[in-house]
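K.L.:
The listed protein sequences derive, respectively, from chains A and B.
Heads up: the first sequence runs through residues 2 to 116, numbered per our numbering.
Heads up: the second sequence runs through residues 198 to 311, numbered per our numbering.
Hints listed in this document are in silico derivations from the structure and should not be mistaken for laboratory results.
Just to be clear, a hint being listed does not mean it is correct.
Listed next, the stretches of chain A that the computed footprint assigns to chain B, with coverage defined by at least 3 CB atoms under 8 angstroms from CB atoms of chain B [claimed, not checked]:
1. 49-60
2. 107-114
No more than 20 angstroms apart at the CA atoms, straight line, and that leaves these computed lysine to any residue pairs for SDA-like [stated by the list, open to error]:
3. B/Lys-267 <-> B/Gly-295
4. A/Lys-10 <-> A/Gly-85
5. A/Lys-10 <-> A/Asn-78
6. B/Lys-252 <-> A/Asn-103
7. B/Lys-252 <-> B/Thr-224
8. A/Lys-58 <-> B/Gln-199
9. B/Lys-270 <-> B/Gln-199
10. B/Lys-275 <-> B/Glu-258
11. A/Lys-10 <-> B/Arg-240
12. A/Lys-58 <-> B/Pro-293
13. A/Lys-58 <-> B/Gly-295
14. A/Lys-10 <-> B/Gln-241
15. A/Lys-10 <-> B/Ser-239
16. B/Lys-275 <-> B/Asn-255
17. A/Lys-58 <-> B/Gln-294
18. B/Lys-270 <-> B/Gln-294
19. B/Lys-270 <-> B/Thr-224
20. A/Lys-10 <-> B/Ile-243
21. A/Lys-10 <-> B/Pro-237
Just a few of them, taken from the derived set where beta-carbon distance is under 8 angstroms, the chain B residues facing chain A [said to hold, decoys possible]:
22. Met-242
23. Leu-244
24. Arg-247
25. Phe-288
For glycine and all other residues, C-beta sits at the position ideal for the given N, C-alpha and C.
In case you want the letters, here they are:
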Amino acid sequence: DSGVTQTPKHLITATGQRVTLRCSPRSGDLSVYWYQQSLDQGLQFLIQYYNGEERAKGNILERFSAQQFPDLHSELNLSSLELGDSALYFCASSANPGSSGNTIYFGEGSWLTVV
Amino acid sequence: AQTVTQSQPEMSVQEAETVTLSCTYDTSESDYYLFWYKQPPSRQMILVIRQEAYKQQNATENRFSVNFQKAAKSFSLKISDSQLGDAAMYFCAYRPQGAQKLVFGQGTRLTINP
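Chain A extracted, bound-state conformation (with noise of 0.2 angstroms):
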């Protein structure tokens, strides 16, 4: 058990709806980060964020967007899904980014069916 907390597991929708997937970090980190896994496209960085601050952004689709919270909990918004998002969705967390030594640990993930 990585300490990083992801609901819901499995998440079926259907094209142009939208969904929020949640993310609990570990325990005492601040920074938070999002992956999309799909097929084609493999893992692929998303968005960061620390101590509520977004820090980097990666690949990630206008109709997507983030955000964490004070208690450091973050969501990631997918709207007017399409079935191309389908796709496996990482939540994961490290303690102080400015020290890129820091292991990054993963949740189980967010599966996303879009139909």
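Chain A is fixed; fit chain B onto it per the hints.
P.N.:
Only chain B this time, still in chain A's reference frame:
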């Protein structure tokens, strides 16, 4: 751009034998970190081992060890005494100093034959 390449999409090994998974990366940075993650059928990403580029000594974690060749930009993972529970997808990942994200390779699917 930094890239990570795993040239072996699939590997198989007999139980109790040793297997080596290959990883190369492309970077102009001198200071960085390398990781191997394991993704079993449960799909969870589990850290196996990490290596700091400034350390010459190869990292070891029980049956798992790496062969880090900085000049060649190579970072292979050796699994000794393979066990059925080692069957998984293995991802090599790179993280430069000061950067936030991990760059992953495409993965190697490891099968353990009983």
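K.L.:
For this structure, which hints from the list above don't hold up?
P.N.:
Every hint satisfied by this model.
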